[in-house]
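Just so you know, the sequences run in chain order A and B. Per this note's numbering, the very first residue in the first sequence carries number 1; after that it's consecutive. Per this note's numbering, the very first residue in the second sequence carries number 1001; after that it's consecutive.
Since the hints were derived computationally from the structure, they do not count as laboratory data. For every residue, glycine included, the Cβ atom is placed at its ideal position computed from N, Cα and C. Please note that a few of the clues may not be correct.
[Claimed, not checked] Ranges between beta-carbon positions, derived for each pair:
1) A:Ser179 to B:Asp1090: 39 to 45 Å
2) B:Tyr1048 to A:Leu85: 24 to 30 Å
3) A:Arg184 to B:Asp1279: 33 to 39 Å
4) A:Pro49 to B:Asp1279: 42 to 48 Å
5) A:Val195 to B:Asp1315: 41 to 47 Å
6) B:Leu1100 to A:Ala141: 44 to 50 Å
7) A:Glu169 to B:Leu1247: 54 to 60 Å
8) A:Pro188 to B:Ile1112: 41 to 47 Å
9) B:Asp1315 to A:Leu85: 45 to 51 Å
10) A:Pro49 to B:Leu1025: 49 to 55 Å
[Claimed, not checked] With a straight-line Cα cutoff of 25 Å, these simulated SDA-like cross-link-like pairs (lysine to any residue) come out:
11) B:Lys1126 to B:Val1027
12) A:Lys111 to B:Ile1220
13) A:Lys111 to B:Lys1126
14) A:Lys111 to B:Val1249
[What the hints assert, rightly or not] If the Cβ cut is set under 7 Å, some of the chain B residues that face chain A in the computed set are:
15) Pro1097
16) Ile1257
17) Leu1289
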Amino acid sequence: MTRLLTRRLKPSRRLRLGLLLLVVIAVGTAAAGPFGGDPFRPGTVTLQPPSLRHPMGTDHVGRDVLTRVSQGAGTSLSVAAISALAAALMGTAAGLVAGYAGGLLDEILLKLSEVSQVMPQFLVALVAAAVFGSSRLVLAAVLATTFWPSTARLVRGEVLSLREREFVEAARAQGAGGSRILLRHLLPNALPVVVINASFQAGAAVLIEAGLAFLGLGDRNVVSWGAMLADAQTYVGIAWWLSLFPGLAAGVTVLAMNLAGDGLNEAMGIH
Amino acid sequence: MVRYLARRLVGSIVLLVVVVALTFLLVRLAPGDTAVTLAGSGGGDPAYFALLRERLGLNQSVPEQLLCYIGGVLRGDLGFSVVRGRPVRDVLLERLPATLLLVGTAITLSTIGGVILGVVAAARRKTWADGAISSCSLVVYSLPVFWLGQVAVGLFAVRLRWLPTGGMTSITASPTRLGRLVDLGRHLALPAGILGLLLIGLIVRITRTAMLEVLQEDYIAAARSRGHPVRRVLFCHALPNAVRPVLTVVTSQLGVILTAGVLVETVFSWPGLGRLLLDSVLARDNPMLVGLLLLSSMSLIVVNLATDLLYALVDPRVSYR
């Protein structure tokens, strides 16, 4: 399957840049675990501009901004990874079955994706955070629920166009059963669309998580870029570093995910 | 045509009812009780709680409440906000103009700018101009919109003092009509500009892709070979055929635009629906929350329906069955 993916890849600068950025962010986050201090421990020097000891300065209670930014990445990436992965799994399964079997299942899937299109994800996540509390897992679950119909719809489209092709016909003529055709012949061909969609959804998840935390509806037990930006709002014009670094971190992360999605699109020649 | 119209209308109403039901159930699943929130949890006369529950319709079963609510929505009644002591619809209508002004300005500006930039990028494909426009639009589209707002406030309002930090009007503005208009424009500039920036990123990307597709068609080469000037071919021959995908994507991204609107309104204390949404979340004003989610879904459904119908009317290639 990996061979199938790599064989069709044309070299793409965007893809390489996106993946490189993601690796840098991931390594930075992993390194922050053992080496970084406690992101919640207050210090004695408050609102200090960037210096050698605190490369991104300190905040209004003297906490090190660099430590908090790198630990915020963990929050963002975990929400993004869990929600995008769960949506990809659910969406692929539903799309494969609905596209192949058709009928009532297909009708239900189409209606569901129509519903999810008219309910803005952020607003649903916001109301859900207000209703069920704002833990990271709840947010990831809500996002996965709102993300999967679009994945399913894309996979369904791929399956519909592949279903009647000769190689599927040939497999059927050789006596392959429905599940074998789905898993061995249709799934590998539908996979690129799923990966591309998942990387855009991961980017959207990062923005939604940050947005909710900015509005004070994020998980309070972990560091979040959005919450850092909400704190920085009070010191706009006094302490630029409080606002600059978490915002840049979020922007670069989302950019990396969008670049990866764009690059994959380009590399596989999919419109 | 009439059958198509009827089918789409019925489909939209069914969709709306499903959305109402989902939204209502989502909020009803909440732990906690509006009666307790209102009367305080410190105990009190059980008879008072019973009275409150009956007034709020909380003693009915959930399906009964849902049917009641759907019936109300179809009649244009969105329920009563106990927190604000007013009908939900009245509060929404009061806040709507501010949001429409902000979102409308942003959409208008960004559509004009985004389409022009997108056409330029497509026409100069694989040159430095295309590279710059495409990269910038991707970057802008990826940045958190509330962060851009924060940076803009810090720079233009706090440091340079060119524009106000937030709100919609100031009491120091001159009371003449022109003075009020200028004041409104000064307050509108930053939020609308930030929201528009995000949209431009989106529109440039779509316009460029759509134009690249159209520019490969034979009739474009034919128009060029007849000696029409390049600019005329781009804007008069190619662009009209690229408008449809652009419109489709912009309307399908209206949810993203509304979302960005909520965050921008919060940063700039713009007195619209976004600010109302946040206040309602904090105050656990469930009827208002359901009403807001519903209003956004309704506007998405209406806009989608309207664009589809518009295509069917204007574009002879669209078949309506």
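Which hint numbers does the structure go against, in order from smallest to largest?
Numbers 1, 2, 3, 4, 5, 6, 7, 9, 11, 12, 13, 15, 16 - these are the hints that the structure violates, sorted from lowest upward.
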